[in-house]
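Number of protein chains: 2
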Amino acid sequence: MLPEIVIIGAGNVATHLAHAFQNAGCHIAQVYSRSLDHASRLASELKDSQPIDDLSLLTKEADLYLISVADAAVATIAEAMPKVKGIVAHTSGSVPLAALTPASDRTAVLYPLQTFTRDAVVDIANVPFFTEASDAKTLEDIDSFARRLSDKVYHADSDKRKTLHIAGVLSCNFVNYLWDCTAQVLAADGYDFSVVEPLVRATLDKAVAIGPRAAQTGPAMRCDAEVMRQHMERLDPDKARIYCELSNEIMKTHKLDCKL
Amino acid sequence: MLPEIVIIGAGNVATHLAHAFQNAGCHIAQVYSRSLDHASRLASELKDSQPIDDLSLLTKEADLYLISVADAAVATIAEAMPKVKGIVAHTSGSVPLAALTPASDRTAVLYPLQTFTRDAVVDIANVPFFTEASDAKTLEDIDSFARRLSDKVYHADSDKRKTLHIAGVLSCNFVNYLWDCTAQVLAADGYDFSVVEPLVRATLDKAVAIGPRAAQTGPAMRCDAEVMRQHMERLDPDKARIYCELSNEIMKTHKLDCKL
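Protein chains in written order, with numbering that gives the first Met the number 0: chain A, 0 to 259; chain B, 0 to 259.
Simulated from the structure, these hints should not be mistaken for lab results. None of these values were measured; they are calculated from a predicted model. Where is the CB? At the ideal position from N, CA and C, for every residue including glycine. Mixed in with the good hints, there may be bad ones.
Said to hold, decoys possible - Simulated pairs of lysine-lysine, DSS-like, Cα-Cα distance not exceeding 25 Å:
1. A:LYS238 <-> B:LYS161
2. A:LYS251 <-> B:LYS238
3. A:LYS258 <-> B:LYS238
4. A:LYS205 <-> A:LYS254
5. A:LYS161 <-> B:LYS258
6. A:LYS151 <-> B:LYS238
7. B:LYS136 <-> A:LYS254
8. B:LYS238 <-> B:LYS258
9. B:LYS151 <-> A:LYS238
10. B:LYS151 <-> B:LYS136
11. B:LYS161 <-> A:LYS161
12. B:LYS46 <-> A:LYS238
13. B:LYS238 <-> A:LYS205
14. B:LYS151 <-> A:LYS205
15. A:LYS161 <-> B:LYS238
16. A:LYS205 <-> B:LYS161
To be verified - Derived list of chain B stretches under chain A, where covered just means 3 residues or more per stretch with a C-beta under 8 Å from a C-beta of chain A:
17. 56-63
18. 109-122
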């Protein structure tokens, strides 16, 4: 018998996970959204799936109820839905497991560390999933759901999910800001951001292969104060300050005896 | 008749470019290195190529003499080699064109914006090349050499190469430092840097697709001061300061009415 899943939510994460679970041999029995249109759109993409916009219509028979909605709405859904016997799980990095307690005695988190865009193809097998559960048996079950999608299944309680969030801010949000600075600097000379794309990809490949500590290069690693000063002179004051701070941190991290 | 190229240098860049030019239908007539062993190693990988360790043995007949050595050695080579009729070009981002003047009346720069590691495969067709030359005809010729390797050929004088260098520091060196911070934060909770790799790749894809300005997300974009303060509390003082600075710059860049 196929595992029965109810998807609560019809946004990007809900859509990607619904398809991924169906492809992994599960039956998405129902799709709930406040908007019946949204529920119907997703349900119509799936096999034999019922769209609903009323939580009282939730089937009692599903093995997994996956709440994939905005962080702030998770607790509200868990309070509003009828209590069920199956596992109730959310997919959020920042909502505590306890928010689900009203909905089931068996609660879990299934947090994919990935950004999902509606039309962008995601290689789900490559996405790391972080799980947490109310008890050992539920953890075993949610892990086995996660492993249907990906080989990369890790455990993370609320505290460790916070670490992952910080990691995401540092490695993606702040990095994207530096790419924005790069794009501005390049645009002033008529170049597009895409000219550095191959270099950035090679840098990431190297950081993954040998670790970012060993992969560090650049003027700061050579204590090349003359080059760094020239660079700062060409940047606006805000960016020059960031340049100075980051260069000093690199020299400090690598215990180099120099400072700007 | 195949274009005749002499490769001066036998390091990573020289090796990758020698193979790429041979694959693109050129004949690498000679490989020079101070070390005959190094010259021989590279020459033996090529078709009908002579290894030399004495600049006085340079053929006078080559169309292009490509100097691909450490930045500091480019001028020394150009002074030590016999003056030739062909184009003498270097591959450095930071050496001025004028350093080549003693070696030929036709000088050029062929600067690949990529990092080359000996054994890592590089998709040369995807590498942006930046050219500069002593005169219009030489520029045309070096561009046509560059286009044998890649569709991405741009012009850059010394000043614009400096811009590209700054772009590389911001988009790669500083970004790698943030990945190093990420790796440290993750390691404290037992996770490897690779758990964020799919997220970072998706972030880069999005930045390339829609531009990093439009791609910016994260707590700073939501002015979520509570989350940002929680994150800073968990970081060591140096990283917390960087977190604060970068968050403030993101909020300023996007003209959000908030500040940490």
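Evaluation of the provided hints:
For the given pair, A:LYS238 sits about 16 Å from B:LYS161 by alpha-carbon distance, which is consistent with the 25 Å threshold. Note on A:LYS251 and B:LYS238: the hinted pairing holds, with a Cα-Cα distance of about 12 Å set against a maximum of 25 Å. Restraint check: the Cα-Cα separation between A:LYS258 and B:LYS238 comes to about 17 Å, which is no more than 25 Å; the hinted pair holds. For the proposed pair A:LYS205 and A:LYS254, the alpha carbon gap of about 22 Å is at most 25 Å, so the pair holds.
For the hint pairing A:LYS161 with B:LYS258, the CA-to-CA distance comes to about 22 Å; that is within 25 Å, so the pair holds. With a C-alpha separation of about 28 Å, the suggested pairing of A:LYS151 with B:LYS238 is violated against the 25 Å cut-off. Between B:LYS136 and A:LYS254 the alpha-carbon distance is near 49 Å, which puts this suggested pair outside the 25 Å criterion. A hinted pair counts as satisfied when its Cα atoms are at most 25 Å apart, and B:LYS238 with B:LYS258 qualifies at roughly 18 Å.
For the hint linking B:LYS151 to A:LYS238, the alpha-carbon distance of about 28 Å lies beyond 25 Å, and the restraint is violated. Of the supplied pair hints, the one linking B:LYS151 and B:LYS136 holds, its CA atoms being roughly 20 Å apart against a limit of 25 Å. With a CA separation close to 39 Å, the supplied pair B:LYS161 and A:LYS161 exceeds the 25 Å bound. Using a Cα cut-off of 25 Å, the hinted pair B:LYS46 and A:LYS238 is violated, with the two alpha carbons roughly 49 Å apart.
The straight-line distance between the Cα atoms of B:LYS238 and A:LYS205 is roughly 23 Å, inside the 25 Å bound, and the hint therefore holds. Distance check on the hinted pair: B:LYS151 and A:LYS205 sit about 23 Å apart at the alpha-carbon level, within 25 Å; holds. As the CA atoms of A:LYS161 and B:LYS238 are separated by approximately 16 Å, the hinted pair is consistent with the 25 Å bound. A C-alpha spacing of about 24 Å is found between A:LYS205 and B:LYS161, which places the hinted pair at or below 25 Å, so the restraint holds.
Given as covered by chain A, the region 56-63 of chain B fails the check, having 0 residues with a CB less than 8 Å from a CB of that chain where 3 are the minimum. Against chain A, the region 109-122 of chain B contributes 7 residues with a C-beta closer than 8 Å to a partner C-beta. That satisfies the three-residue criterion, and the hint holds.
Checked against the numbered hints above, the structure violates hints 6, 7, 9, 11, 12 and 17; every other hint is satisfied.
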